[in-house]
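K.L.:
The residues making up each chain are set out below.
2 protein chains.
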Amino acid sequence: MVIVIHLDSQDEKLSRLAIIRFVHARFYAPDAREEGELVALPADEAQHLTRVLRLARGAAVRVFNGRGDEFEATVEDTTKDEACVLLGGRRSSAPEPGVAVTLVQAVLKGDKMDDVVRDAVMMGAAALQPLVTARTEVSLATLEKARKRERWERIAISSAKQCGRAVVPQINEPLAFDTFMPTVAPLTLRATVLMFVEPGAAPEAIPLGALDSKPSAEAMIVVGPEGGWTREEVAAGIAACRVVTLGERILRADVMGVVGLAALFTAWKEF
Amino acid sequence: MVIVIHLDSQDEKLSRLAIIRFVHARFYAPDAREEGELVALPADEAQHLTRVLRLARGAAVRVFNGRGDEFEATVEDTTKDEACVLLGGRRSSAPEPGVAVTLVQAVLKGDKMDDVVRDAVMMGAAALQPLVTARTEVSLATLEKARKRERWERIAISSAKQCGRAVVPQINEPLAFDTFMPTVAPLTLRATVLMFVEPGAAPEAIPLGALDSKPSAEAMIVVGPEGGWTREEVAAGIAACRVVTLGERILRADVMGVVGLAALFTAWKEF
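So the sequences go chain by chain: Y and S.
First residue of the first sequence? That's 1 in the working numbering, and the numbers climb one at a time after it.
First residue of the second sequence? That's 1 in the working numbering, and the numbers climb one at a time after it.
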């Protein structure tokens, strides 16, 4: 349901907020399955509904289950911290890419992974695999202690809400490079696996444009940390998958993932 | 000249620093023109040479003039704040894209433009045109007072040094959207001009993938601020150039420029 609100130049800012409130009130409800169900929202989502947007019984909203289903819904009941919605008809959400791409990303410094997760979700990635490499400046133990995976999951949900996807990409448990790499070779039977390296890192590396660009149903792009890959890691990549460069371009690690996704989705006509 | 230094796993980090010092010592010397010339470096560059890298007479370096020429060079003379180099033979630098793309970017909040400039240079943009739109949160007067153009120029130089380009993209004077837009229609005779909008912003907007992807020699991509374009701005875009979406994707304004460049360069086989 789209509620049309008159916009005039004087109060356009206010009205835009109102439109966002009504049109973009999408909530994540992993339990939503079929029209007619009464579904409780998770605590975070219920609080967003009741405290931030201050919606009450009868309000029209949308819910999506993170697995691709989205519904019209009506708020049925709220308390301060809980919210129940009644699922109405199915509706379409932002279409998913035809290729399920997993972004395998070496964990970056500080909060930079937050932006990587957000942008990967918005670009349409199917999953994110955080990686701890030789030059990653944080250990698996520290990531676990800081509950980083859970944080990235919350960011993935919030990003899916914003960009209109009904799929919340899976955030896998961070893995060490040496644990991850042996899983890659069998994958290449059905998936296109590309490891991005700096130009000159290895004579075996070929420019992305020189690949035949036929899409497979699954793909994986593997991106290193700020300090780059070690020679051993590049050698392991060459043995297991396709090692590619962006021609002669050297980019910041922060944007390599989103640029890799953009390049693949363009080559495979997903945009 | 590449100085090969033995690497063993014990002191790899130290040796990598040493390699970076010798192999990547590139300096920006806008006055460099021909082999055999004696050229003074600009003050910033001279200080980088003498104080940060502590190079002295006889050191082998590389210099580029920002217009595409790069030379081997030898440090001829230094004082605390000055450095003179003797130009040797020409050498090749990171190749420039076949399409000269100007990124026309609405100024973003805080320091976010710094990253946009850095990434646009690394991606291979030919120029950057900062834009002040209706929803840009900073005025032309404030940008001028804060000497932002000069700041972005320094970032462009430093980014070109890092990524191996011998071209420093031009950072144009920021313009108001309403001043810039009338200059676009005549440009479209020779250049591909694409304005990126959110999906649903206008029925005239077509997905990037639906464009015929023949490269022109010049292109321009126009990217809005965090708050998006106003309806009037989208209408002005439709009248003057091609208005495109990334299919159904909604992205953060921070990465829209780099994603647009990646998509174009992929479609036009520049990677």
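Because the hints were derived from the structure by calculation, they are not lab data.
Quick caveat, the model's predicted, so the values are computed rather than measured.
Please note that the accuracy of each hint is not assured.
Each pair may be met inside one copy or between any two copies, as identical chains are not told apart.
Below, a list of computed lysine-lysine pairs in the DSS-like style, where the Cα atoms sit at most 25 Å apart [claimed, not checked]:
hint, residue 1, residue 2
1, K161, K112
2, K269, K148
3, K148, K161
4, K161, K214
5, K145, K109
6, K214, K109
7, K112, K214
8, K145, K269
9, K269, K214
10, K214, K145
11, K269, K80
12, K214, K80
K.L.:
Does each hint fit the structure? Answer for all of them.
P.N.:
Against the structure, the hints come out as follows:
1. For the homomeric pair K161 and K112, the shortest alpha-carbon distances inside one copy (20 Å) and between copies (23 Å) are both at most 25 Å.
2. In the homo-oligomer, the alpha carbons of K269 and K148 never lie at most 25 Å apart, since the shortest distance is 33 Å inside one protomer and 37 Å across protomers.
3. Taking identical chains as interchangeable, the C-alpha atoms of K148 and K161 lie at most 25 Å apart only when both belong to the same chain, with a minimum of 20 Å there against 35 Å between chains.
4. For a Cα distance limit of 25 Å, the shortest separation of K161 from K214 qualifies neither inside one copy, at 31 Å, nor across copies, at 35 Å.
5. In this homomeric assembly, K145 and K109 come within 25 Å of each other (Cα to Cα) only inside a single copy, at 16 Å, whereas the closest approach across copies is 33 Å.
6. Within a single copy, K214 and K109 get their C-alpha atoms no closer than 34 Å, and across copies no closer than 39 Å, so neither meets the 25 Å cut-off.
7. When the C-alpha separation of K112 and K214 is checked against a cutoff of 25 Å, the pair qualifies neither within a copy, at 32 Å, nor between copies, at 35 Å.
8. In this assembly of identical chains, K145 and K269 lie within 25 Å of each other by CA distance neither inside one copy nor across copies; the values are 41 Å within and 44 Å between.
9. In this homomeric assembly, K269 and K214 come within 25 Å of each other (Cα to Cα) both inside a single copy, at 10 Å, and across copies, at 15 Å.
10. For a Cα distance limit of 25 Å, the shortest separation of K214 from K145 qualifies neither inside one copy, at 41 Å, nor across copies, at 51 Å.
11. For the identical chains of this complex, K269 and K80 are neighbours neither inside a copy (46 Å) nor across copies (55 Å), given an alpha-carbon limit of 25 Å.
12. In this assembly of identical chains, the alpha carbons of K214 and K80 never lie at most 25 Å apart, being 52 Å within a copy and 57 Å across copies at closest.
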